[in-house]
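Next come the chains, spelled out residue by residue.
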Amino acid sequence: MTLIFTFIQKAIGQGIAILFGATGEIITEKSGNLNLGVPGIMYMGGIAGLMGAFFYENSTENPIPIVGMIIAIICCLLASALGGLLYSFLTITLRVNQNVVGLSLTTFGTGFGNFFGGSISKLAGGVGQISVMTTASAFQAKIPGLSKIPVIGDLLFSYGFLTYIAIIISLCATFFITKTRAGLNLRAVGEDPATADAAGINVSKYKYIATVVGTSIAGLGGLYFVMEYLGGTWSNNGFGDRGWLAVALVILALWNPTNAIWGSLVFGGLYILYIYMPGLTRATQELCKMLPYVVTIIVLIITSRRNKPENQSPGSLGNAYFREER
Amino acid sequence: MNNKEPFVRMSKRDGISFGKAWEIRLGAVILSLIVCALVIVLITGQNPIDVYKGIVDGAVGTNRRAWVTIRETVVLLLVAIGLTPAFKMKFWNIGAEGQILMGGVAAAAFMIYFSESMPNWLLLIVTFVASAIAGLLWGLLPAIFKAYFNTNETLFTLMLNYVAMQIVTFCIVFWENPTGSNTVGIINSATQKGWFPSIFGNAYVLNVILVALVTIGVYIYMKYTKQGYEISVVGESQNTARYAGIDVKRVIIRTMMISGAICGFAGALIVNGSSHTISTSIAGGRGFTAIIVAWMSKFNPVAMVIVSLFLVFMQQGSIQIASQFGLNENASDIITGILLFFLIGCEFFVNYKLEFRKNKKED
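Here the protein sequences line up with chains R and V, keeping their order. Letter 194 of the first sequence, counting from 1, is numbered 194 in the numbering used here, and no numbers are missing. Letter 52 of the second sequence, counting from 1, is numbered 52 in the numbering used here, and no numbers are missing.
It is possible that part of the hints are untrue.
What the hints assert, rightly or not - Interface residues of chain V toward chain R, partial, derived using beta-carbon atoms under 7 Å:
| id | residue |
| --- | --- |
| 1 | Ile30 |
| 2 | Leu33 |
| 3 | Ala147 |
| 4 | Thr169 |
| 5 | Tyr221 |
| 6 | Glu236 |
| 7 | Phe288 |
| 8 | Ile292 |
| 9 | Trp295 |
| 10 | Ser297 |
| 11 | Phe342 |
| 12 | Phe348 |
| 13 | Val350 |
Said to hold, decoys possible - Just the calculated beta-carbon pair ranges, DEER-fashion:
| id | chain 1 | residue 1 | chain 2 | residue 2 | range |
| --- | --- | --- | --- | --- | --- |
| 14 | V | Gly19 | R | Thr93 | 54 to 64 Å |
| 15 | R | Phe7 | V | Lys53 | 18 to 28 Å |
| 16 | V | Glu23 | R | Thr284 | 51 to 61 Å |
| 17 | R | Phe55 | V | Tyr52 | 24 to 34 Å |
| 18 | R | Thr93 | V | Ala212 | 50 to 60 Å |
What the hints assert, rightly or not - Anything over 12 Å on all C-beta distances counts as not near chain R; from chain V, calculated:
| id | residue |
| --- | --- |
| 19 | Ser17 |
| 20 | Tyr148 |
| 21 | Glu153 |
| 22 | Ile338 |
| 23 | Ile344 |
Hint data in this document are derived by calculation from the structure and do not stem from the laboratory. Bear in mind that the values here come from a model prediction, so they are computed numbers and not experimental data. The C-beta atom is built at its ideal place from N, Cα and C for all residues, glycine as well.
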């Protein structure tokens, strides 16, 4: 029984980073932009927050956890928003193909993260690995009192605050997309930009804002991984393919952020299932690690087969909108 | 005062002379090199001239380094060539990474299990065929679903990359050498079975010859055959293709088989021709970079050679810079990223021109 609780707890820990990425990507995709740069953005957000905290902790005698935390969040949001802005500028204003820009952004962002993660400590004249224990402690702080309750406390209240923020953001995003006027406009832009344009909606503005907000949220996923999961250090390529899993989760969630919440739990669980499955050899463990991707492919095929309009990707996903070429 | 004309507006160019287009691209390259230099100088605090000397030295400084640059260039070129038919059809195959890995696994399997039973030339040919078939199957899967169910190929091929990666780690468990290292090590390092033979005393000449042959083959196929023409019609408009009596499903499946096979063959080129081992990192992001190479070159093979050479040159150079200044090797990804942003951004200025608001006198 305790094993199952530990499994769920660990699955949530794995899933939250993916949830941030998926929520951000859903908002972006609702505007018709397929941003394949999300994995890179998550690396950039993570390392920017880490660097911000690192320089703060190095510059003061007694760093205060809360201040480091705020600096880390601001740096993370800035870096990932800048990445989103670059993507938007290239795809919307300069009209470059979205896939090409996204993949370049991923190459750049991953390199950016691994480069600075690996050498920032050295460049700053120190030795060893980058480490921001004090700031990380603020991210890892559990809810006092509630987390002490047996079983329920462990299962529901034993996480840092970013976990709860991730869920709140997802719920808000669903509310925004389905219940507000701006959300309706956003969906219109994603489904058919020409019609939205004719209705007087500023297509470029919606695309820009949705992409930048989306990448900012995705960047928090990187920060979560670095601060709460790794405890304020960096390991090269440690974030791995979670960024692509976030892109996959968008499909599993059928472009609905609320679905992404339980979807992230499923992905988190599948991601670590091989540790908890009894009777696996080393070889079958590797096959077990395939599961998240295989599940995504199956969902992708089923949704394309069922043709239910509300479960489909936005109509103009991946296509640029040029007013004069409609 | 109601001047409603925006400060700057853009208009599509009617046509641009060949020279002018390349002038703009050259400008972008120079600009990107300046930005890269600035970044390197900010990080290392070195004189930018020295930095670029270091890059040139790292890429072509010695005979060996120059050949490594050539070897990496032809692999990137081969993947880009492989992706071309699919992209021409507007099929976003971003699964080249997985197709390379599958080809690599097949090649490694033949090197390990069949090196005793056949002579080297036969082994090489069999390996090429096997790796091409492995890549072909990996490309066929999303193509079938695209053709019949219109399943999104971008995400399908992307996911297959990771399935392929797990298949590689699965195989490594059985092939690891020495036991417990979790790596395969150099395969047949004593007998050199399944390795590319040296031609003219150089181990990498065969790589160049093979890639050149495939490049010419694909060029002719795309430009002068009926099938190549069908691909471009399907890419332009599926409805037109259907109206003209082209079997769109068949074209999609056939084209992806070709594309996958060439990418799979690239896996053999890497395993047999340069790394002589198999790991999840043999593709090393080439599948993604090649997409950008193919797209940026507008599928023109000469441009593809130039773009891949430029990218690999800068990569190899920045690897050298990184080790020279004790930085980690990911610096080259940052450099590549910056170069790509400039190169893909400049296409806008080739296709569009900006017109600034003229200062009209109020009357």
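Hints versus structure:
no.	hint	verdict
1	Ile30	violated, 18 Å
2	Leu33	violated, 16 Å
3	Ala147	violated, 12 Å
4	Thr169	holds, 4 Å
5	Tyr221	violated, 24 Å
6	Glu236	violated, 14 Å
7	Phe288	holds, 5 Å
8	Ile292	holds, 5 Å
9	Trp295	holds, 5 Å
10	Ser297	violated, 12 Å
11	Phe342	violated, 10 Å
12	Phe348	holds, 4 Å
13	Val350	violated, 11 Å
14	V:Gly19 / R:Thr93: 54 to 64 Å	violated, 26 Å
15	R:Phe7 / V:Lys53: 18 to 28 Å	violated, 55 Å
16	V:Glu23 / R:Thr284: 51 to 61 Å	holds, 58 Å
17	R:Phe55 / V:Tyr52: 24 to 34 Å	holds, 29 Å
18	R:Thr93 / V:Ala212: 50 to 60 Å	violated, 39 Å
19	Ser17	holds, 21 Å
20	Tyr148	violated, 9 Å
21	Glu153	violated, 10 Å
22	Ile338	violated, 7 Å
23	Ile344	violated, 5 Å
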